[in-house]
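Taken in sequence, the protein lines are chains A and B.
Mapped onto my numbering, the consecutive letters of the first sequence carry residue numbers 10 to 758.
Mapped onto my numbering, the consecutive letters of the second sequence carry residue numbers 78 to 158.
Wrong hints could be hidden among the right ones.
Derived CB-CB ranges, DEER-like [claimed, not checked]:
no., chain 1, residue 1, chain 2, residue 2, range
1, B, Met-113, A, Phe-66, 40 to 48 Å
2, A, Leu-91, B, Asp-131, 46 to 54 Å
3, A, Tyr-48, B, Asp-95, 57 to 65 Å
4, B, Asp-95, A, Glu-152, 48 to 56 Å
5, A, Phe-66, B, Phe-140, 43 to 51 Å
6, B, Asp-146, A, Asp-46, 54 to 62 Å
7, A, Lys-566, B, Pro-116, 35 to 43 Å
8, B, Glu-145, A, Ser-243, 31 to 39 Å
9, A, Pro-95, B, Arg-124, 20 to 28 Å
10, B, Arg-124, A, Lys-88, 23 to 31 Å
Stretches of chain A that chain B covers, calculated by requiring three or more beta carbons in the stretch to come under 8 Å of a beta carbon on chain B [unchecked claim]:
no., segment
11, 160–173
12, 180–187
13, 281–288
14, 335–345
15, 458–471
16, 599–613
One side of the interface only, derived from the structure: several residues of chain A facing chain B at Cβ under 10 Å [as the list claims (entries may be wrong)]:
no., residue
17, Asp-191
18, Ala-195
19, Pro-378
20, Val-523
Hints in this document: simulated from the structure, not taken from any laboratory.
Quick reminder that beta carbons are idealized off the backbone N, C-alpha and C, glycines included.
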Amino acid sequence: MDQITPKAVKEFKIVGTRPLRPDGIDKVTGKAMYGADLYAPNMLYGCLLRINEPHAFIESIDTSTAEELPGVKSIVTFKDFLKINPDNKNNPILENCIANEKVLYDGHAVAAIAAVDLNTVKKALKLIKIKYKKLPFVINIEEAMKTGAPIVSVGKKNENIPDGYSDNVIQYCSFGHGNLEDGFKAADKVIKRTFKTPSVHQGYIEPHACLASMSNDGKADLWCCTQGHFNVRSICSNIFKMDNSQLKVTASEIGGGFGGKTTVFIEPIALALSQKSGHPVKIVMSREEVFKATGPTVSSLVDVEVGMKKSGKITAAKAIIRYEGGAFPNETYELGAQSAFASYDLDAVKTEAFNVLTNRPTQAAYRAPGAPQSIYAVESVIDELCQHFNLDPLYVRILNAAKKGTKSSYGPTFDDIGLKATLEAAKDHPHYNAPLKENQGRGISCGFWFNFGGNTCVSLNINFDGTVGVVEGNPDIGGSRSSISQMAAEELGISLDKVKTVIADTNSLGHNDVTDGSRVTFSVGLATIKAAKAAKKELCKRAAKLWGIDEDAVIWKEGYAHPAGANAGNQEPLSLEDIAKVSSQTGGPISGHYEVNAEGAGVSFGVHLVDIETDMETGHSKILRYTVFQDAGKAIHPSYVEGQMQGGSVQGIGWALNEEYIYNHDGKLQNPGFLDYRIPVASDLPMIDPVILEIPNPGHPYGVRGVGETSIVPPLAAINNAVSRATGIRFTELPLSPPRVLKAILDTQ
Amino acid sequence: MVKVKIWGSLKNLADGSDYILVTGSNFKEVVDNISMKYPGLKPQIKRGISLAIDGKIYKESWFTPIDEDSEVVLMPYMQGG
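Work out the full structure, taking the sequences as your base and the hints as a guide.
Structure (C-alpha cells):
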C-alpha cells in the first residue's frame, strides 16, 4: 500500500498516523449498539404489511379483525397520517414508506401493526383485508418512456420535458459547451454505443431498524440506524407537525449505509404506531424488505458517442443518459449528466439526461450517485477507441485529462485537481506493465466525484483532568470518530489518547447535514480544527490570568501556553492539563465551538487498474489484480482512507460482475436475498491495492478532500474494459455474469 | 453585472443564450435577480440550485461574495451518498 505525498504538505505528528480504531473492540465483541439492539420497557414490535404487486389501486383496507386479536395495540394506514397532518397527502417520502391510493412497486407497504410480540404481529398482518385492483405496470426504462406506456404517477413532470415522451419522463437536463458537429467532423473515428446497467443495492449488512417512543403530550424519542439523524428529525417532525425540539433522534452504531440510509423508510411508521398505542415500538426490517422496499440505485440506458483523432486527441463527446429511479422523482440523473465527461478537457461536449418513473422501489443514493453508470459508458467507448487506434489507454487519458484551467464538461473551470498526477502514478506503477497471459485482460478507467461540505456543528470540551471530548453530529460510517480525534489532538498539540469523539443526539448540538457526499472528514474536521483553535484561545487567556500578563502576550505551541516573547516574561510553559486542572478557579470550564455551512470541498479523481482472467468455457471472470489510485487530499488516518478505496472498489466489482435486481414478467422482484443477489465476498477477490495521492485541498486547513465515493465510480468500466480485452468481445451491458459472458462467447463462435 | 453560465436545458427558459447577465454582489443577490429577471427559471430555482463561483461549488451560502469578473456557473442542487 503506497502513499504519494507532495513535499508541500504540512508536517503533522498525529494526522497521517494509523492508530487502532476506537470502535473496534466493541464491534468485534458484539457490545456496539446497532439499530436493532435497543429495547425499552413495555416495548411493542411493529411490522408492515406489503403488497406483492407492482402497481395496484387500493380500494379498501379493513383492519377490524386484526384489531380484535389479543395483543394487537395499534394499526396504522396512510389515512392516519392524513389525520395527523393533511399536508402529508403530498409528501413523497411518506408515500414511499406507506402507500396512499396506489401500490407503486412490489413490496410497497399499505398498513402497519404493533403488538406485544412478533408472532402476534405476524398473525394480525394476515387478518388485514385488502381489496385492490391490479393496474398495468412498467419496470423498463425504454418501455416507460414511450407514449402509451402505463403511467406510474400523474402530475410529476417538470416544465422542460421535450415532446414525444410519456408522462413517466418527469425530469430532464443538459450540460455542455462547444460545437459538437465540428468536433465530430474533425475526428478520424467516431464510436457510438448504447450501454445498460441494472439496479443494484448498497448491500449494507445491517437492515434498517428503529425504536420510537411518542408520549401523549406530543414529545418523542427515536433511536435509529441512519446516516443523518438530524435529517430524520426534519422529515419526521414535518410529517407529525412537531417542533424540531420535541423530537429527539439518536443515531445508533451503523452497519453500513453507502447512501441507502440517507432517508427514512420505517421511522415515521414506528412513531405513528407508538403515538396510537402509547407504547415504545420497535421495527426491524427483514432482508427481503430491505431489498424490496428501500432504495437501490437507478438503472440506466446510456448512449455515448466519442470522436477521436489518430493521435488520441478527443475532438467531441456526447451522451444521452436515461435513468429510472422507481416511482418517485430524484436528482440522480443530473449528477450522472454532470459527471460523465468530467475527467476530460474537451472543446465540444454535451450530455443530456432524463429521469423516468417506473414501478420499482424508489432509488436512494449509493456512493457517488449517478456517476458510476454514466462514466462506465464513457470510459468503455474511450477504451474501444484506444483499441481501434492501437493506442495506450493511459497515454490517451493523460493526453486528454482535465487539469487546472480546464473548462469542465458541467460548467465551472477547474482549479488545482489531481487527475493527471493520479494517471501518472498509475503509469509508473509496476502493475501497469506486468505481463498478461492468454484469456487475461487489463482494464483501466478514470472516475470522478464532486465531494461536498454542508452544515456542521462541533463542540470541543476540555475536562478538568486535561482530557478532551469532541461532540459532533454525524453518524460514523467510515471511521470519522478516529479522524476527528486525530485532528483535535493535532491542533491542540496533545496525545491522541487524551481525546474522545462522540456523536450527539439532535437535542445536544446544532443541525448537522447527513453523512453523505464524502463530507464528514472535510466538514467536521474543519469545524473541529476551528473549535480547537477557539479552545486554544481560551487556554491562552487563562494562562495570561495565571501569569498576570496580557492575553495577547501568550501563544499556544505544541500543547503548551508560552509567553509570546522576552517582554512577556520567562514563565515556565503551562500544559493543557495544567490549565484545565485549575479552570474552575480561573473562570470555569473551557470549551471551543464552531458552526459552519462548509463549502469548497474540492473534487476528487481516481484511476483503477484491473487484471481479469475470463474462463472461455464458463464465462466466469476472475479478478487477478486490482490497484486503486486516488487523489485523496491529506489522509488523516491512511488505513481508513485505504478502506474507503478498497470498499468502494469491491462494491463496484460486484456491480460489474454479478449484482442486479431481477424481475419476472409480473413485475415482481425475484432475488431479494443474499443467496440470489450475489455480492462479492473476501474469497472472491485478491487484496485491493490502494495508492493514496495526497494532493492537498486548498479549501481545508489540513488539505482534506472527501474520499468515500470516488472509488465506486471506475470499477464498472475498468472491469468491462478488462473482460472485453480478455475475450476480444466488446460488452455493453452489466453485470458481466457468467451466463451473459458465455452467451457472447458462444455467439461469436 | 455578473455573467452567469446556465446549463443547457435552462437556455430556452431564459433567453436562449448560454449566459445571462444579472446584478448582484453575493450568492443571494445573484440568485434573487435571476429569479426576477428570468421567471422561467423560478421553478428550477425553487427545486434547488448551487452556484459554482470561481470553480468552487456553493450550495446555499447566501453571503458568499461575487465579483463582476468572477466565473459564475448555475448548477443543480448537489447531493451525495
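Right, here's what the structure says about each hint:
1. B:Met-113 / A:Phe-66: 40 to 48 Å: 43 Å, holds
2. A:Leu-91 / B:Asp-131: 46 to 54 Å: With a Cβ separation near 48 Å, Leu-91 of chain A and Asp-131 of chain B satisfy 46 to 54 Å, so the hint holds.
3. A:Tyr-48 / B:Asp-95: 57 to 65 Å: 59 Å, holds
4. B:Asp-95 / A:Glu-152: 48 to 56 Å: Because 34 Å falls outside the window, the suggested range is violated.
5. A:Phe-66 / B:Phe-140: 43 to 51 Å: The hinted range 43 to 51 Å holds for Phe-66 of chain A and Phe-140 of chain B, with Cβ atoms some 49 Å apart.
6. B:Asp-146 / A:Asp-46: 54 to 62 Å: At 57 Å between Cβs, range holds.
7. A:Lys-566 / B:Pro-116: 35 to 43 Å: 57 Å, violated
8. B:Glu-145 / A:Ser-243: 31 to 39 Å: Hint holds: Cβ distance 37 Å, inside 31 to 39 Å.
9. A:Pro-95 / B:Arg-124: 20 to 28 Å: 23 Å, holds
10. B:Arg-124 / A:Lys-88: 23 to 31 Å: Holds: the Cβ-Cβ distance is about 29 Å, inside 23 to 31 Å.
11. 160–173: Holds, because 3 residues of the segment 160–173 of chain A bring their Cβ atoms closer than 8 Å to Cβ atoms of chain B.
12. 180–187: holds (count 6)
13. 281–288: violated (count 0)
14. 335–345: This one holds; 3 residues, not fewer than the three required, reach chain B with a Cβ under 8 Å.
15. 458–471: Since 6 is at least three, the answer is holds.
16. 599–613: With 4 residues close enough to chain B, the hint holds.
17. Asp-191: The hint is violated - Asp-191 of chain A has no Cβ within 10 Å of chain B, the shortest such distance being about 16 Å.
18. Ala-195: Since the shortest Cβ distance to chain B is 21 Å, the answer is violated.
19. Pro-378: 5 Å, holds
20. Val-523: 9 Å, holds
In the structure shown, a violation is registered for the earlier hints numbered 4, 7, 13, 17, 18, in ascending order.
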